[in-house]
Structures are given as structure tokens and as C-alpha cells.
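Participant: Now for the letters of each chain:
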Amino acid sequence: MGGTVSAHHDAETLLEVRGLTKIFGTLKACDNVDLNIAKGEIHALLGENGAGKSTLVKMLFGSLEPYSGQILWQGQPVAITSPGVAKKLGIGMVFQHFSLFEALSAAENIALSLDDGAPIGQIAAKARALSYSYGLPLDPDSLVGDLSVGERQRIEIIRCLLQTPQLIILDEPTSVLTPQEADKLFETLERLRAEGKSILYISHRLEEVKRICDRATVLRHGKVVGHCNPREETAASLARMMVGSEVKSVVRAPLEGIAQAQTLLEINGLSRKPATPFSVPLTNIRLAVRAGEVIGIAGVAGNGQGEFFEAISGEARQSDAAAVRIRGKDAGRLDITGRRLLGAAFVPEERLGHGAAPRMKLSENLLLSRHATDGKAFVGTGGVTKSASIYNAAQRIIEVMDVRKSAPDPEAAALSGGNLQKFIVGRELDRSPAVMVVNQPTWGVDAGAAAHIRQALIELARAGSAVLVISQDLDELFEISDAIAVMHNGTLSAPMPAAEATLEKIGLLMGGAEPGHAPHEGEAA
Amino acid sequence: MRIELIKRPQRSALFSVVSPFIALGLTVVVGAIMFALLGKNPVMALYYYFIDPLLEVWSWHELAIKAAPLILIGVGLAICFRSNNWNIGAEGQLIIGAIVGSIIPVMFPDFQTWLTLPLMLLMGIVGGAAYGAIPAFLKTRFNTNEILTSLMLVYVAQLVLDWVVRGPWRDPKGFNFPQTIQFSPAATLPEIMPMSGRANWGFVFAIVAALLLWFMLSRMLKGFEVRVLGQSPRAGRFAGFSSSRMVFFAFLISGGLAGLAGISEVSGAIGKLQPTISPGYGFTAIIVAFLGRLNPLGIIFSGLLLALTYLGGEAAQISLGVSDKVVRAFQGILLFFVLAADTLILYRIRLVRPVAKTMETAPSPAPVEVTHGNA
Numbered sequence: 000m001g002g003t004v005s006a007h008h009d010a011e012t013l014l015e016v017r018g019l020t021k022i023f024g025t026l027k028a029c030d031n032v033d034l035n036i037a038k039g040e041i042h043a044l045l046g047e048n049g050a051g052k053s054t055l056v057k058m059l060f061g062s063l064e065p066y067s068g069q070i071l072w073q074g075q076p077v078a079i080t081s082p083g084v085a086k087k088l089g090i091g092m093v094f095q096h097f098s099l100f101e102a103l104s105a106a107e108n109i110a111l112s113l114d115d116g117a118p119i120g121q122i123a124a125k126a127r128a129l130s131y132s133y134g135l136p137l138d139p140d141s142l143v144g145d146l147s148v149g150e151r152q153r154i155e156i157i158r159c160l161l162q163t164p165q166l167i168i169l170d171e172p173t174s175v176l177t178p179q180e181a182d183k184l185f186e187t188l189e190r191l192r193a194e195g196k197s198i199l200y201i202s203h204r205l206e207e208v209k210r211i212c213d214r215a216t217v218l219r220h221g222k223v224v225g226h227c228n229p230r231e232e233t234a235a236s237l238a239r240m241m242v243g244s245e246v247k248s249v250v251r252a253p254l255e256g257i258a259q260a261q262t263l264l265e266i267n268g269l270s271r272k273p274a275t276p277f278s279v280p281l282t283n284i285r286l287a288v289r290a291g292e293v294i295g296i297a298g299v300a301g302n303g304q305g306e307f308f309e310a311i312s313g314e315a316r317q318s319d320a321a322a323v324r325i326r327g328k329d330a331g332r333l334d335i336t337g338r339r340l341l342g343a344a345f346v347p348e349e350r351l352g353h354g355a356a357p358r359m360k361l362s363e364n365l366l367l368s369r370h371a372t373d374g375k376a377f378v379g380t381g382g383v384t385k386s387a388s389i390y391n392a393a394q395r396i397i398e399v400m401d402v403r404k405s406a407p408d409p410e411a412a413a414l415s416g417g418n419l420q421k422f423i424v425g426r427e428l429d430r431s432p433a434v435m436v437v438n439q440p441t442w443g444v445d446a447g448a449a450a451h452i453r454q455a456l457i458e459l460a461r462a463g464s465a466v467l468v469i470s471q472d473l474d475e476l477f478e479i480s481d482a483i484a485v486m487h488n489g490t491l492s493a494p495m496p497a498a499e500a501t502l503e504k505i506g507l508l509m510g511g512a513e514p515g516h517a518p519h520e521g522e523a524a
Numbered sequence: 000m001r002i003e004l005i006k007r008p009q010r011s012a013l014f015s016v017v018s019p020f021i022a023l024g025l026t027v028v029v030g031a032i033m034f035a036l037l038g039k040n041p042v043m044a045l046y047y048y049f050i051d052p053l054l055e056v057w058s059w060h061e062l063a064i065k066a067a068p069l070i071l072i073g074v075g076l077a078i079c080f081r082s083n084n085w086n087i088g089a090e091g092q093l094i095i096g097a098i099v100g101s102i103i104p105v106m107f108p109d110f111q112t113w114l115t116l117p118l119m120l121l122m123g124i125v126g127g128a129a130y131g132a133i134p135a136f137l138k139t140r141f142n143t144n145e146i147l148t149s150l151m152l153v154y155v156a157q158l159v160l161d162w163v164v165r166g167p168w169r170d171p172k173g174f175n176f177p178q179t180i181q182f183s184p185a186a187t188l189p190e191i192m193p194m195s196g197r198a199n200w201g202f203v204f205a206i207v208a209a210l211l212l213w214f215m216l217s218r219m220l221k222g223f224e225v226r227v228l229g230q231s232p233r234a235g236r237f238a239g240f241s242s243s244r245m246v247f248f249a250f251l252i253s254g255g256l257a258g259l260a261g262i263s264e265v266s267g268a269i270g271k272l273q274p275t276i277s278p279g280y281g282f283t284a285i286i287v288a289f290l291g292r293l294n295p296l297g298i299i300f301s302g303l304l305l306a307l308t309y310l311g312g313e314a315a316q317i318s319l320g321v322s323d324k325v326v327r328a329f330q331g332i333l334l335f336f337v338l339a340a341d342t343l344i345l346y347r348i349r350l351v352r353p354v355a356k357t358m359e360t361a362p363s364p365a366p367v368e369v370t371h372g373n374a
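Protein chains in written order, with numbering that gives the first Met the number 0: chain A, 0 to 524; chain B, 0 to 374.
Source of the hints: derived by calculation from the structure; they are not laboratory data.
For each residue, glycine too, the CB sits at the ideal point set by N, CA and C.
Incorrect hints may appear among the rest.
Partial list, derived from the structure: chain B residues whose beta carbon lies under 10 Å from chain A [stated by the list, open to error]:
id: 1; residue: M0
id: 2; residue: E3
id: 3; residue: Q9
id: 4; residue: L13
id: 5; residue: Q157
id: 6; residue: D161
id: 7; residue: W162
id: 8; residue: R165
id: 9; residue: G166
id: 10; residue: R169
id: 11; residue: G222
id: 12; residue: R226
id: 13; residue: A234
id: 14; residue: G235
id: 15; residue: S243
id: 16; residue: S318
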């Protein structure tokens, strides 16, 4: 396998991986993986969720031990037994989910990961100098809790760079950035490449990979299915390599007669005080979603989307009954069950532990959100559950949504993220809800499953429901939405019809620009 | 060679059943070592502990008497623990249940009708539940830790009991012994089969309670609510279940059952109130609950087993002259192994050879083929 690798042997190899295998139970998460990274290149690691990218990277960073195979660092075989060993070798990593203490300053967070015991002032000065030299301005004295997600990522990157690594591993770095912030990051990466550092860039955003990466290794089901030069490929051909088959594109039928359509979900001046010191207050949010349309809400993570979702779902209730109206009825004071009974359905961002109980079977997780709305079908007299009809309904959803699983009725945690999400979305679609509110419908879901979920949401809307989708994935929003509103710092912009919206306009709103005003540079010195 | 724990994709059904037996086996082995260190013949000691008490019919009755409160409290605690509420104060709820239930026979000894006993039992349940409601209220209102509050309330209850039997409720004709008057026959829990032994209806209550709670947990929406809120509170809230109502539900159920155990013990086996009415049933029931896998049906068996350790402890004390503290040590060892063996439900054990070293000594250009299994 990997015949194309030899073509690159002329460049000096920094890291070489031979036949790396990792087995979890009966699953070969990585199966005989070969990879080599040359000095001074940006190497993309592509693959769907569950393809083995994270497992591979964790072995390179010493968090997991390989079952078999070899890792060569500058030609020498090495055993990376812990992240400490990886750091000593010169491997640094920026994780997708940040590991920062919100109540500490940036400099203190950086000091925590360095074990040289240098005084905090010295570290702060170093961090400041480094951040400016790479065009990632950062105030080391600022409290992490006050920083945006993009700024937090800078801390992680600076923290990694301070250890002067030869190889930097970035896991889905742009998933939390606005398009403009992402551009800045790419400049930094190109600068690092020019200095001879190597970067392993993990992403599923094919356009980015085409833009900045020199080579790509594509994983599917734990195996390397190809090495290629992404610049010579098209997004479609890369997607084909990742998925193994053609990805169906989503069809969005034109929206007709929406002006006369009834408003099914109405949010009138919704405000919410922050529940914790680090949550975002919501300020005077207004929105109407009509029967037949899909409205998308864009925004960088942590701008109040989670708080907004809780307020609409009824997990957090309002004192003003008219703040949320569902099918023309005041719902602000109702709890989530009351709002469901009015015809609304909700899909939260977190699958395990919020949308589903991890250690419960799929059939039990069906009961989780539908015990009240389908009380007659699923619960008999005296509160006795009808397990047979629940089981049958779960099997029906599994079939409709094409949920792949290992047992007839497995625990939720045993499913891959994409398959569980298909089940959770399908659980709500099965009710044909009049109002559907979804937070991050395809976060961490593979391309095939994502297309399936998006198509299902559009079809639900066209069949006469109101669909509200909160997402950080702009491509997704452009694909499915009839209008896009932007959430920034707890406020919501007016929805912009899809025909008028461009990536740039939405990106500026995500960065906090007022609509109609010239964008201001948000870099505080 | 190194031991690694590998997470299983699913809970192992096999080990859910087998792990209590593994724990029991290990407890017997360690118990034997403990007796050997005490200078006793371990085989004899284990015989007196686990076999001797089962050889006579009357001691089967004694077993039922000891098992009844353990099972009653254990199944209530199972509801608590399943819903992630840590009620450590069942001993206190048992005592308060016993005191409240004793109000009628002590203060109104002449009230002797068919209603007497049912009323006493009801008041015992109410007393235990009300005492359990205190930590529940503190948890929901002030976010206090229920482990601490429920545990501290045990000592309060013990002192209240001590006070009533030495003070206001002391039997005036009792030669100054700290105890109440003997309950009238109408206030005494009848024996099930008086011909063969003194086991009373408390054991029947325990079995009925276990069956009812098993049905609720596995077949009813309320049981589903208990399990969801316990495993994943946020998913429970998403389901529309209220976690603060669940705190009260769990504490009222377990407190009420502990109260029932208390009044059954007092009106059945003892027949009066005295400074000590329980050899720590409320604490031992924690072991019972876990050994029974927090499943009410399993708790029937684990309750009988722990009852056996009480009886065996008495037998060993008489026959071998070992301290009665050995019972507590035994129970502690058992709980330790039960919790440890539970790891096997979610993880499996793998023995790992150091792979990396063998590869470094054998450099070869081709991908190294590592032998699988135990070649």
C-alpha cells in the first residue's frame, strides 16, 4: 500500500510511521497505517469521523500505545510512551477541545503546561513576543474566561510553540473560527512552514486542505486509502476517497408562498441573565420561523448558542410567557415537556449525556424524549411502559435513518457519533413535529450521515414544519437554510435571505460587525 | 508483562451476574487468611461462619429476621443510589421510624384493636420518610452534600433514642433499665410459622417491597426516570424530569422503608424500645445494595448472605472465641471486593507484553509482524 509515498522520499523525512495498528476490542481503529511527514510541509490527515484520525494522532502524541508497528523520528525508531516523551522529541499538539482554566490568565495557563518553573512574568513576556511575531496577537494577562474561542485557540497555539516543536499537530483548528480568523491562522501556518517546521493538519474541510496543505493522507475505516497532493484533487475527488463512494448532495426545493405561511415559532424579546460567571447573557432576541422554512443561526462557538437553545427548549424557562411562542401559544413558562406537547421537538448539541443517556439502550433513549408526547403509545395504565411497542418504534427509526449498529438494541454509547446522531434526529422526525430546533445537527458526523440528516431536515420543513438550525458549520447552513441569522455575544442579527447571504457578509457578522457598517479590526493590542 | 484495563464497548452481561460471586470468593479467601492470622483454623472458622448457621430450621428463622431489615433498607437504598442520591443515613431513618411507630404502644398502651399494628407500621414509615426528607430538603434547597447530612443525622437519631428510653419513655416498673414497656400482643408483629421459629412478617414485607420496587424500576416510567436521572442528569432534564423532585422521591422511599424496617424490628423481634435496636443494619444495607447490583431481586439474595455473616459471627464468637468485630471486618472486605469486581463489568483485563522493546531489538525494513495472542 501507499505506492505514492516513495515519490516524496527526496525531501528529508521528519516522522515516519510504519504499519501502525491499534485495536480496541474487536475494532481495528488503525490498521497497518503508513505515514511520513517531511520537514517543512503541511500534511493533511483526512478522513470521516471514526476513520481513525484521532487514534493515530493520539499514538503519535503518546496518549495511546500502539498494538504493533513502528514510529521513526528523524530516522530513529522511538517509543512514544507519554505526551511528555512526545514533547521532548519535539511534537506539539493543539487539541480540538481546549484544555484551559477559565478563571486563570492566559500566561498562567501557559505556565501550567511548561514544567521549567520559570517566573510568570518571564513566560508572559515570551508569550507576548512570540504571539506578535507570528501575527497572533495575545494579551497574556487577560483572563481566559473573557476571551473569544478564537483567542483561546491562540493561547493553545502559543503554548505549543513555546516548546519549540518540530512537528505541530492541529486537530480541526478552524471548526471554532470565523472565516476571517481562519485566514489569519493559515498565514501563521504558512510562516511556520517557511521556518522548516512540519504541521500535521487534521480536518474534514476539503477546501482548506486544498488551499494550504502540501500532501494529504486519507484514512477510511482505519486504513490508509491513499496519499495524494490535495492541490491536484478536487473537493469531490477528496470526498470520494474519504467516504469510498459518491456523497449525495443535498437537494433544496425552492421555497414558495412563504410570505403567507403561518409563523410556528416566535421569539419575542428573549433575554436571559448568565446562569454562571462564564455563560453568555442573551439580549432581546427576536425571531420568527414560518411553516415550510429552514432558518439557520450562524455564530462562533460560545456566543450564546447553548443558552439560546436551552431557553427555546424550556430547559431554562422564561418569566415572560410570550417570550417564546409555539404554534401561536405562549410557551415561555412551560417546561420542555409542555413545549413538546405543543408540537415542538429539540435536538441538543451534546449527543451523549444530553440528547441521549449513554448507558441506556436505543429503545430507552427513544422513551427519553417521547414519553409525554407519545404517552398513549409507549406508556400504559399506571405508568407501566410498553416495551414491545417502544422497541418496535426504535427499530422503525433505525431503519428509516439507516442507523448502523452491532446489536439489535445497543446502548447509545456503543454507536459511533454519526449513527447516534441519526437516531436522535430520527427520534424527533418520527413524530413529524411542527417545530424542530436543532443545535449542531452534524457536528462530528461523517459526510454520508450528514447529508442524510440535512436532507431530512429540509424535507421536514417543506412538508410544513418550521425548522431552526443552530450551527457553527457555515457550509452546512448555506446548504440547508432559506435564511441565515448570526448570533454574536448573545444578540441575534436579522435573518438574511439565502440569496443575499455570502460567506463574507456572514463572517463579518460572526466577528461582531454591525450589519451595514464598515467592519472594524477587532485586534486589541 | 503488564496488566491493562480495556474498556468494553458494552456492559458485560456475563460479569454483571458473575462479579458478585467473584467478590464473594475473594472475600472467603481473604477471610481465611484473616482467621489464620488470628491463630484460628480457617476451615473451621469458615464452617462456623457459612455452614453451621444453615443446619437447623430455627436458625433459618433467625436468618429471615436478620435479612428482613437488610432487604427492606437495601431495596430503598437501591432506588437512592440508582438515582445518584447518596443516602448514608438509613440507620438514622430506621431509628426514627422505630420511635415514631412506638408512640402508640408506649403512650397509648390500652389502644389495642386490629388497627393498632397497621397504624404503628404506617407511623414507622412516615417517621422514617420524614427523617429522610431532611437531607433531601437540605440538598435541594441549599445544595448541601447529602452524604454528610444524612450520616450526621444518624448520630442525632441515636441520641434521641437514647434520650427517650432513659427519659420520658422509660418503663416505670423496669427497675431503672433504659427501656420502654413491653409492647402488647396487639402491637406485636406476628410470627409467620410460630411452630418452627420466630421469623415474623417483616420478612414478608421485605420480599413484597423488593418485588414491587423491582417492577417499578424495570417496567414503569417512574423507574426509567430514576435510572435516567441517576446515569445522566442532563439527559434527564432534557427528558423533562425534575431532579429535585427525584431527590425527594428517593429519600422518601428509602427513608420510609428504613422506618418500616425499624418499627418491624422493634414490634417483632425485640418487643420494646431500648438504647440499641439495630446492629448497624442501615450501614450493612449499603453493602447489601451494592452486592445485589442495585437490583431489588439481587438484593433479596445479598440480604440473606449478609444476614448469614451476622449469624456466623455469633456462631464463631461462641465456638471459636473470635471477636464480634470480625463480622464488621468481613463485611468491609466484602464491600471492597464487590466494588472492585464491578470494574469487570465495564472493563476487561488484558496482559500486555512490552511490545516496543521487542521491536527495537529487531529492526527490519519491512513492517514488523507482531505475533498475536500467546505465541
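Participant: Which hint numbers does the structure go against, in order from smallest to largest?
Facilitator: Checked against the structure, the hints that fail are numbers 1, 4, 5, 6, 7, 8, 9, 10, 15, 16, while the rest are satisfied.
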